[in-house]
Amino acid sequence: MTRLLEDLRKKAYSVYRSEEVKLLIRHRRGVVGLALLTIIVFMALTADLIAPRRFDEVDTALRLQPPSLKHLFGTDHLGRDVFSRIVYGARIALWVGILVVLVEAGIGVTLGLISGYYSGFLDKVISAFTDMLWAFPPIILALAIVTILGPGLTNVVIAVAVVSWAPYARIVRAKTQSLVSREFVMAARAIGESDLSIMFRYILPNTLVSIIVLATLTIPSAILYTTALSFLGFGAQPPTPDWGAMLNEGKDYIFGAPWNSIFPGVFITLTALSFNLLGDALRDVLDPKLRLR
Amino acid sequence: MLTVRNLRKYFRFKRGLLSTVQYIRAVDDVSFSVDRGVTLGVVGESGSGKTTLGLTVLRLLEPTSGEIVFNGVDVAKLSKKGLKSFRRSTGIVFQDPYSSLNPRMRVKEILERPLKIHGIGSGEASLDSVSGVLEDVGLGEEHLMRYPHELSGGQQQRVAIARAIILKPQLVVLDEPTSSLDVSVQAQILNLLLDLQYRYVLTYIFITHDLLTARHVSDVIMVMYLGKVVELSRAHELFLNPRHPYTATLLSSIPLPDPKLKTRKRMEVVGEPPSLLNLPKGCRFHQRCPYATDKCRLEEPGFTRVGDDHLVACHYAHELSFEGFTLW
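Those protein sequence lines, which keep their order, are chains A and B. Sequential numbering of the first sequence, starting at 1, is according to our numbering. Sequential numbering of the second sequence, starting at 1001, is according to our numbering.
Next up, chain A with everything else stripped away, as it sits in the complex:
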């Protein structure tokens, strides 16, 4: 009987093309993460359709209204619809999170490849630099950089990326070191491939899985750091519906109109959580050997 059930299950799964998809679908927390993320991405993509009002539409007659059918998440101190602002804010959160990860992956992967490929002096310098960065409290360093660059979302992206590429450099370096001694790299050298070509054609493609997993796992912290900087007033400037900035504006009315800060907070948490769950699942499925930190 159990054999039969097992066979049936196998048949049901064989519909899916690859082993990985099967595993991912069986991974419960991964599915939850994926579902949450789908909702948030859907919100971001269709913001113009599902938001009842513009994010910057002010109506002073309707200041600090509690949640109702008309204003699902209530209104803020300028009478703007919180639900609409949250929906538009999803765009910023996702965009900024992905942008930060792209920039930090770019820096970290390049340095990791170089230091893993050329062992010796260059490796020592880059590794020492990476370790030094790791020793700094990231948010303090990011604050310092934003203070120098000035407020604004672009500068926040730069600051957060600059302080958090270290995990990429470490993981890519370790992977590169183990790949360099593999015979296919030796064979590539034997047919006359240049160092650059070996790095980008032979080593990088074989580290891609780890990089993708790491990226999904670092998006949440990227989102948390950027919203934190926005909360502190360094990031998006009004009237941008950045969730961090909304938290900041809402904190002055936290006792009278808590919905102003609760909803942005909940959505920041959910977005970070969805990427975390998905990243964990991807790691389990694609690269069981990878353990972060």
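If you are wondering where the hints come from, they were derived from the structure by calculation, not from laboratory data. Treat the numbers as computed from the prediction; the structure is a model and nothing was measured. Each hint should be verified, as a subset may be incorrect.
Computed cross-link-like contacts, DSBU-like style, restricted to lysine-lysine with a CA-CA straight-line distance of at most 35 Å [claimed, not checked]:
(1) 1014(B) to 124(A)
(2) 124(A) to 1084(B)
(3) 1116(B) to 1084(B)
(4) 1108(B) to 1084(B)
(5) 1077(B) to 124(A)
Got chain A sorted already, so can you dock chain B onto it with the hints?
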């Protein structure tokens, strides 16, 4: 075509912060030469430096000292540009076919890369040579779009061979090309290699620990022990008339599928080979050699010529006789 003189490859080895630097002498003062179209078999147990020798000859490892003269040019001194043209006339096949192919490249790209790097043919022409070489190694166009993991071990090794010969090289190093394959596939691959050698006039350096394979494919055999050449001879001569005790021991250890030979008197040695970090004085084989004398313990033997093209690194090359032992 290829002459190697006094080639050395030492690896630096340092244990702690304060300990002195030690050297692992993986290849120590090796000299030989190979003519065009000839196969040089390199045999020895693991750790004897055969693979390091193969990699150093192709300058995939930097030699510590010595000359590698290929068509009149010292490869050890080549600049980056010169090295590229040397790469064009050499190839290598490794033991494990799966790990020698990039898992993220399709067969087509694996075989096109050498052509692209050296600027030979483009588009149609390069695809033609890829199909051609694929046919030469017994694969078909249906394999072009496959990834390495979608091929069997034998097919993977055929792809690796195709990559090694697509540039029509003169010298190919074969580093145990059949050791990780199934016995039936081994024979196919060996025959393929011999066939290709005949068709393209290839020169092979065939590295193996399997003496019978070495005898089957080689014209000349070089026996290595702990980074040194102990005996160098024509293949049939080596099997008929081994003069180094180590060679005799190796031959005596070949398993023979003949029940009548149950009483075969083997020549045996005791113990394990010493560590490369802590090599004995004198002859490197003396601790395990049944014929060792005080001279062997103190003095490192040079080469003695015992016949045409037959060199032996033993003080007693002329005196020792292994009669009474069934060698193989």
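To see whether the hints hold, each was checked on the structure:
1. Restraint check for residue 1014(B) and residue 124(A): satisfied, since their Cα atoms lie roughly 17 Å apart, inside the 35 Å limit.
2. With a C-alpha separation of about 29 Å, the suggested pairing of residue 124(A) with residue 1084(B) holds against the 35 Å cut-off.
3. For the given pair, residue 1116(B) sits about 13 Å from residue 1084(B) by alpha-carbon distance, which is consistent with the 35 Å threshold.
4. With a C-alpha separation of about 22 Å, the suggested pair residue 1108(B) and residue 1084(B) falls inside the 35 Å cut-off, and the hint holds.
5. Between residue 1077(B) and residue 124(A), the direct Cα distance comes to roughly 28 Å. Compliance with the 35 Å bound is thereby established for this hinted pair.
When each numbered hint is compared with the structure, no violation occurs for any of them.
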